[in-house]
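Asker: Assemble chain U onto chain R, guided by the hints.
Here is how the chains run, residue by residue.
There are 2 protein chains.
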Amino acid sequence: MDSKWALTNDGRVKTDALAQFGQRVRQLRIERNLSQEDLAELADLHRNYVSQIEGGRRNVSLLNILKLAHGLKVRPTRLIETIR
Amino acid sequence: MDSKWALTNDGRVKTDALAQFGQRVRQLRIERNLSQEDLAELADLHRNYVSQIEGGRRNVSLLNILKLAHGLKVRPTRLIETIR
Chain R
1 MDSKWALTND
11 GRVKTDALAQ
21 FGQRVRQLRI
31 ERNLSQEDLA
41 ELADLHRNYV
51 SQIEGGRRNV
61 SLLNILKLAH
71 GLKVRPTRLI
81 ETIR
Chain U
1 MDSKWALTND
11 GRVKTDALAQ
21 FGQRVRQLRI
31 ERNLSQEDLA
41 ELADLHRNYV
51 SQIEGGRRNV
61 SLLNILKLAH
71 GLKVRPTRLI
81 ETIR
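Sequence lines, in order, name chains R and U.
Using our numbering, read the first sequence as starting at 1 and increasing by one per residue.
Using our numbering, read the second sequence as starting at 1 and increasing by one per residue.
None of these hints come from the bench; they were simulated from the model.
Any given hint could turn out to be false.
[To be verified] To be clear about the criterion: a stretch of chain U counts as covered by chain R if any three or more of its residues have a C-beta under 8 Å from a C-beta of chain R, and this derived list gives those stretches:
1. 24-37
2. 76-83
[Claimed, not checked] Just a sample of chain R residues kept apart from chain U, beta carbon distances all over 10 Å, derived:
3. F21
4. L28
5. E31
6. L34
7. Q36
8. E37
9. E41
10. H46
11. R47
12. Q52
13. G55
14. N59
15. L66
16. E81
[What the hints assert, rightly or not] Looking from chain R toward chain U, a few residues come up when the C-beta cut is under 8 Å (computed):
17. L45
18. S61
19. L63
20. I65
All C-beta atoms, glycine included, are put in the ideal place defined by N, C-alpha and C.
Just chain R, with the same shape it has in the complex (with noise of 0.2 Å):
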């Protein structure tokens, strides 16, 4: 196992996580010239959940990353690809 996916019970770890998810989800998000309503919209979630995604203040449920996948036409892999 590559230990670059090791999670430990460090809170900062965790954070990282869902800080970079929230990055990932707003880099394509603005490259498809979405805004955050935009999104929120085509994803059907409440524009204050999608800003909160990309802020990392929330640990976003599988089916809501199906929904940002679904929004952002990306396999929802693309989104927790970049998770290190």
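Answerer: Coordinates of chain U only, in the frame set by chain R:
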């Protein structure tokens, strides 16, 4: 966008995604000759929770996806790449 990734508001589709995730976890766990209890310990999750995930009865969070990937010694993307 590949339509197979479309997520509707149809409850069945959502349930399918969770079931597919659970089946993937179970498959990888069995390939590694781990019991649910073994995986629970490796992933720092409760054994009952692992059982519910494998049965598709939990909308697992991103941090728990990462914990499961850690316990199974796979990249997190491998856990969701089979969701259709």
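Asker: Decide, hint by hint, whether the structure agrees.
Answerer: Going down the list of hints, with the structure as the test:
Coverage of the stretch 24-37 of chain U by chain R is violated [criterion: at least 3 residues with CB-CB distance below 8 Å; count 0]. Remark: the stretch 76-83 of chain U is confirmed as covered by chain R, as 5 of its residues place a Cβ nearer than 8 Å to a Cβ of that chain, reaching the required three. Annotated as non-interface, F21 of chain R brings its C-beta within 10 Å of a C-beta of chain U; the closest such distance is 6 Å. The Cβ of L28 of chain R sits about 12 Å from the closest Cβ of chain U, beyond the 10 Å cut-off, so the non-interface label holds.
Remark: the non-interface label on E31 of chain R is consistent with the geometry, its nearest Cβ contact in chain U lying 14 Å away (cut-off 10 Å). Listed as outside the interface, L34 of chain R is consistent with that label: its C-beta sits roughly 14 Å from the nearest C-beta of chain U, beyond the 10 Å cut-off. At roughly 19 Å, the least C-beta separation between Q36 of chain R and chain U is larger than 10 Å, which holds for a residue marked as non-interface. Every C-beta of chain U lies more than 10 Å from that of E37 of chain R, the closest at about 19 Å, which supports listing it as non-interface.
With 10 Å as the threshold on Cβ separation, the claim that E41 of chain R sits away from chain U holds: the shortest Cβ distance comes to roughly 14 Å. Every C-beta of chain U lies more than 10 Å from that of H46 of chain R, the closest at about 15 Å, which supports listing it as non-interface. Non-interface status of R47 of chain R relative to chain U is upheld: no Cβ of that chain comes within 10 Å, the nearest being about 18 Å off. Taking the minimum C-beta to C-beta distance to chain U, about 13 Å, the non-interface status of Q52 of chain R holds against the 10 Å cut.
G55 of chain R, annotated as away from the interface, keeps every beta carbon of chain U farther than 10 Å; the closest lies near 14 Å. A beta-carbon of chain U is positioned within 10 Å of the beta-carbon of N59 of chain R; the least distance is around 5 Å. Some Cβ of chain U comes within 10 Å of the Cβ of L66 of chain R; the nearest lies about 5 Å off, and the non-interface call is violated. In this structure E81 of chain R is not separated from chain U by more than 10 Å, as the shortest Cβ-Cβ distance comes to only about 5 Å.
Hint on L45 of chain R is violated. Least Cβ distance to chain U is approximately 11 Å, over the 8 Å limit. Against a cut-off of 8 Å between C-beta atoms, the interface hint on S61 of chain R holds, since the closest Cβ of chain U lies about 5 Å away. Restraint check, L63 of chain R versus chain U: the minimum CB separation of about 5 Å is within 8 Å; hint holds. Contact between I65 of chain R and chain U, as hinted, is supported at the beta carbon level, the nearest pair being about 7 Å apart and thus within 8 Å.
Violated hints for the displayed structure, listed by number in ascending order: 1, 3, 14, 15, 16, 17.
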